[in-house]
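Visitor: Can you build the whole structure from these sequences, using the hints too?
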Amino acid sequence: MIEKKISKDAWEILRQYTDARIALGRTGSSLSTQNILSLNEAHAQARDSIYKHFDKNSIEQSLLQLHHEVFLLNSKVRDKKEFLLRPDLGRRLCDDSITVIQKANIKKAFDVCISVSDGLSATAVNSHAIPFIGHLLKKLIDANLSIAPICLIENGRVAISDEIGSLLKAKVSIILIGERPGLSSSDSMGVYLTYHPKVGNTDEQRNCVSNIRLGGMPFEEAAREIFILTAASIRLNMGGTLLKNSLSITDNQ
Amino acid sequence: MYRSTSGHINYTFKDLKTLMAKATPFRSGDALAGLVADSHQERVAAQICLANLPLSVFLQEMLIPYETDEITQLIFDTHDQKSFSQISSFTVGEFRDWLLSEQTDQAVIDMIRPGLTPEMIAAVSKIMRNQDLILVASKIEIVTRFRNTIGLKGRFSTRLQPNHPTDDLKGIAASIIDGLFYGNGDAVIGINPAKDDIQNTAAILNMLNELISRFSIPTQSSVLCHLTTTLQLIEKKAPVDLIFQSIGGTQKTNDSFGINLKMLQEAYDAGLSIQRGTVGQNFMYFETGQGSSLSANAHSGVDQQTCEARAYAVARKFNPMLVNSVVGFIGPEYLYDGKQITRAALEDHFCGKMMGLPMGMDICYTNHAEADANDMDNLLVLMGAAGCNFIMGVPGTDDIMLNYQSTSFHDAMFVRKMFHLKPAPEFENWLMDNGWMDEKGIMQLPNTAHPMLQYLQS
Numbered sequence: 000m001i002e003k004k005i006s007k008d009a010w011e012i013l014r015q016y017t018d019a020r021i022a023l024g025r026t027g028s029s030l031s032t033q034n035i036l037s038l039n040e041a042h043a044q045a046r047d048s049i050y051k052h053f054d055k056n057s058i059e060q061s062l063l064q065l066h067h068e069v070f071l072l073n074s075k076v077r078d079k080k081e082f083l084l085r086p087d088l089g090r091r092l093c094d095d096s097i098t099v100i101q102k103a104n105i106k107k108a109f110d111v112c113i114s115v116s117d118g119l120s121a122t123a124v125n126s127h128a129i130p131f132i133g134h135l136l137k138k139l140i141d142a143n144l145s146i147a148p149i150c151l152i153e154n155g156r157v158a159i160s161d162e163i164g165s166l167l168k169a170k171v172s173i174i175l176i177g178e179r180p181g182l183s184s185s186d187s188m189g190v191y192l193t194y195h196p197k198v199g200n201t202d203e204q205r206n207c208v209s210n211i212r213l214g215g216m217p218f219e220e221a222a223r224e225i226f227i228l229t230a231a232s233i234r235l236n237m238g239g240t241l242l243k244n245s246l247s248i249t250d251n252q
Numbered sequence: 000m001y002r003s004t005s006g007h008i009n010y011t012f013k014d015l016k017t018l019m020a021k022a023t024p025f026r027s028g029d030a031l032a033g034l035v036a037d038s039h040q041e042r043v044a045a046q047i048c049l050a051n052l053p054l055s056v057f058l059q060e061m062l063i064p065y066e067t068d069e070i071t072q073l074i075f076d077t078h079d080q081k082s083f084s085q086i087s088s089f090t091v092g093e094f095r096d097w098l099l100s101e102q103t104d105q106a107v108i109d110m111i112r113p114g115l116t117p118e119m120i121a122a123v124s125k126i127m128r129n130q131d132l133i134l135v136a137s138k139i140e141i142v143t144r145f146r147n148t149i150g151l152k153g154r155f156s157t158r159l160q161p162n163h164p165t166d167d168l169k170g171i172a173a174s175i176i177d178g179l180f181y182g183n184g185d186a187v188i189g190i191n192p193a194k195d196d197i198q199n200t201a202a203i204l205n206m207l208n209e210l211i212s213r214f215s216i217p218t219q220s221s222v223l224c225h226l227t228t229t230l231q232l233i234e235k236k237a238p239v240d241l242i243f244q245s246i247g248g249t250q251k252t253n254d255s256f257g258i259n260l261k262m263l264q265e266a267y268d269a270g271l272s273i274q275r276g277t278v279g280q281n282f283m284y285f286e287t288g289q290g291s292s293l294s295a296n297a298h299s300g301v302d303q304q305t306c307e308a309r310a311y312a313v314a315r316k317f318n319p320m321l322v323n324s325v326v327g328f329i330g331p332e333y334l335y336d337g338k339q340i341t342r343a344a345l346e347d348h349f350c351g352k353m354m355g356l357p358m359g360m361d362i363c364y365t366n367h368a369e370a371d372a373n374d375m376d377n378l379l380v381l382m383g384a385a386g387c388n389f390i391m392g393v394p395g396t397d398d399i400m401l402n403y404q405s406t407s408f409h410d411a412m413f414v415r416k417m418f419h420l421k422p423a424p425e426f427e428n429w430l431m432d433n434g435w436m437d438e439k440g441i442m443q444l445p446n447t448a449h450p451m452l453q454y455l456q457s
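Chain order of the listed sequences is A and B. Mapping of the first sequence onto numbering that gives the first Met the number 0: position 72 corresponds to residue 71, and the numbering continues sequentially without gaps. Mapping of the second sequence onto numbering that gives the first Met the number 0: position 17 corresponds to residue 16, and the numbering continues sequentially without gaps.
Hints listed in this document are in silico derivations from the structure and should not be mistaken for laboratory results. We treat Cβ as the ideally placed atom computed from N, Cα and C, and that holds for glycine. Careful: at least some of the hints might be erroneous.
Said to hold, decoys possible - Chain A stretches covered by chain B per the calculated footprint, using a threshold of three residues with CB under 8 Å from any CB of chain B:
no., region
1, 19 to 25
2, 38 to 47
3, 81 to 94
Said to hold, decoys possible - Residues from chain B shown here face chain A by an in silico Cβ test under 7 Å; the list is partial:
no., residue
4, N296
5, G300
6, G395
7, D397
8, N402
9, K416
10, T447
11, L452
Guide: Structural data, given as structure tokens:
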């Protein structure tokens, strides 16, 4: 009988300190079959999360139950391949979607508008959008902030929240979006907040809470952080790096 | 205006940067920028036209105006006419032929190098096949020194990249120990911090310094924070080994990174003042990558590969210890698939070596690119063949902080085995002294009593 030749690593105990893939052992200089297959599996999950169906209807149903009006929208992107190749098109609403918002004929302005888009991981928003929004809405309502109809956008990039926010005349535009999936986290959701949303805003004008998922940033904590940023943004009339700096100065005092 | 004919069709290219862009092998970033050839035939026509241009054209027509770009100024102000005079009669095509010839060796390339501009090197790379990029790069040995010697022929090094999503010091240390046991970390132990503030980066640096000193590891550390943070760390007497910065090939790109040549010079002077190297004083570490200029809307109509080559002019001014392109990190809108990532990596490595840089490669991809581990295996072999100075070493390929896949500790063992390569000599001796590597370069299991195994338990 020929002996099996996988060498285990004597330092497996170090795995308690990190989620990194350490102490994998080896056969010769190569990874074991088991490790190769587990990497393949993680990659498959990440790939699938990008191409997974964005379940707008189920999110819409849940929002209607929370008594919240919903707009179903699309970016200018036609399919996932174009989404990946043309970030510029993912930042703008298609003409039909602009019409949807205009036809609603909303006269008043809002403090906050909230959008949800699949971005790079439909898996993330399919499962995390509703629990997060539940926590956030409660805090916004308690603070007497007015909230625009919630927009669900297929194939959107973060900056599409600028166009939506300006069409809905919101002081602060918030977007929940599927983040670039990692090998160990294919369902990470990011939430971006922009004060005075308008087309052409850049990233330093935004604030962000990322890595929202089970095992990452908890929903309630993320919602609390976004609420604090939203309230401060409206109170101080600023956002992005400016807001972050002025909040950290206040923290230090 | 440049003209060319292919298949009885006449093509015109309005200026040199348009010709360069249209001659570039297809990639998504140039398409996004609206710079690509309209057809395969137009691309070949541009390549034919480019091949027939004298190299001296690049001294007459600037791709980005001298008046508005300090990198153009740097390139032209440091250009050495005397070195150039030896190849001044070449066309771009003849330059390729000459680079591939038997008589063109390292010594000749070293001699003409001060006469080369990044644009000339980018131009010739556009008409080179992948095997040409490998062959010419493999002729060039670029050696740098700090606490060890990187880039010698027959050697292959890795940056140990033990990132952690919350910068937990024990978590980082666990990945470092794992990497060291696998013979990784001779190029640098380099951490991308999750938080770029002084307290956090100083804590990581102190931990690295303590680990390197306690086990007398002949390597250097780096925390890949912004230059301005590193300068403050040096001021506060934190143990800074290599000074890191991301750089780009246009002034506007560097504006978007919050740096300029003056700031890089200040950092270089600060590094010179602390003298922490033992066998040499190459202490700058630069990262680059095709697409950064377009991403910052700072490309001025120049294709992404030429912008990248211009970044190497910035790097070479500061005698870096390490330079690597982070080739597949930027995403599919710039490099769509394994084929484009592979081509870009070979171009970047070739251009970097031609510019005299200690070129490494972050052989990597994101999960939204049309690429997978097999594409990276292929590229890894190509980089081994091309004589790349170093790659990354990430536990199990999975960077849990940056959320992308690079090469693993195992990959480094693989490429060393396939090409009979050893780690940096000082680091090799250290591994052998510890009994972790035998004289044939085969990794051995560490003795369970080794103090490094106890390091985190104590």
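Visitor: Out of the numbered hints, which ones does the structure contradict?
Guide: Violated: hints 4 and 5.
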